[in-house]
Amino acid sequence: MKKIAVIIGGSGAIGQEVCKKIVGLGFITYCTYFSNGTKAENVAKTLNGELICKRCDVRNHKDVEQLFEEIVTQHQRIDVLVNCAGISGESLFVNKTIDEWKNVIETNLFKMLLKQICLVYFIHAKQLYQLCWSSIRV
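Residue 1193 is where the sequence shown starts when you use this note's numbering, and the numbers rise one by one after that.
These are computed hints drawn from the structure, not numbers from a lab.
Since the structure is predicted, the reported quantities are computational estimates derived from the model, not experimental observations.
Hints should not be assumed to be uniformly reliable.
[Said to hold, decoys possible] For lysine-lysine, the following DSSO-like pairs were computed, each having C-alpha atoms within a straight-line distance of at most 30 Å:
#1 Lys1288 <-> Lys1237
#2 Lys1288 <-> Lys1195
#3 Lys1254 <-> Lys1213
#4 Lys1213 <-> Lys1246
#5 Lys1254 <-> Lys1194
#6 Lys1213 <-> Lys1237
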């Protein structure tokens, strides 16, 4: 039976490489994205459809819960979770608007909500093999 992996933020530079590696190891692999759906689908094409792309906003707990509910309903488990979600924003530190700061803070802080949701599930299911967290690239 193939193991199930979920790569949160799989459309970014780090996430894409993680997706390629995990698919190469033979996992059924889910890749989430928020705004880079085209990038995620392009990576899936290079992997011959072995990557399942799903939109998920890590700032929204309902999105995160729905994602895990869908995957667990279909596969009864998640074996590996890698969180590559994170942003630094497009503008320089000194030029960021309040809205840009809000988006950066919410994305990078609320992704920790994902950790809480996942850990609760994994503690009850006792089926997690690996839990990996990565940060945004600098």
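Hints versus structure:
no.	hint	in the structure
1	Lys1288 <-> Lys1237	violated, 35 Å
2	Lys1288 <-> Lys1195	violated, 41 Å
3	Lys1254 <-> Lys1213	holds, 29 Å
4	Lys1213 <-> Lys1246	holds, 18 Å
5	Lys1254 <-> Lys1194	holds, 27 Å
6	Lys1213 <-> Lys1237	holds, 15 Å
This entry does not satisfy hints 1 and 2, going by the numbered hints stated previously.
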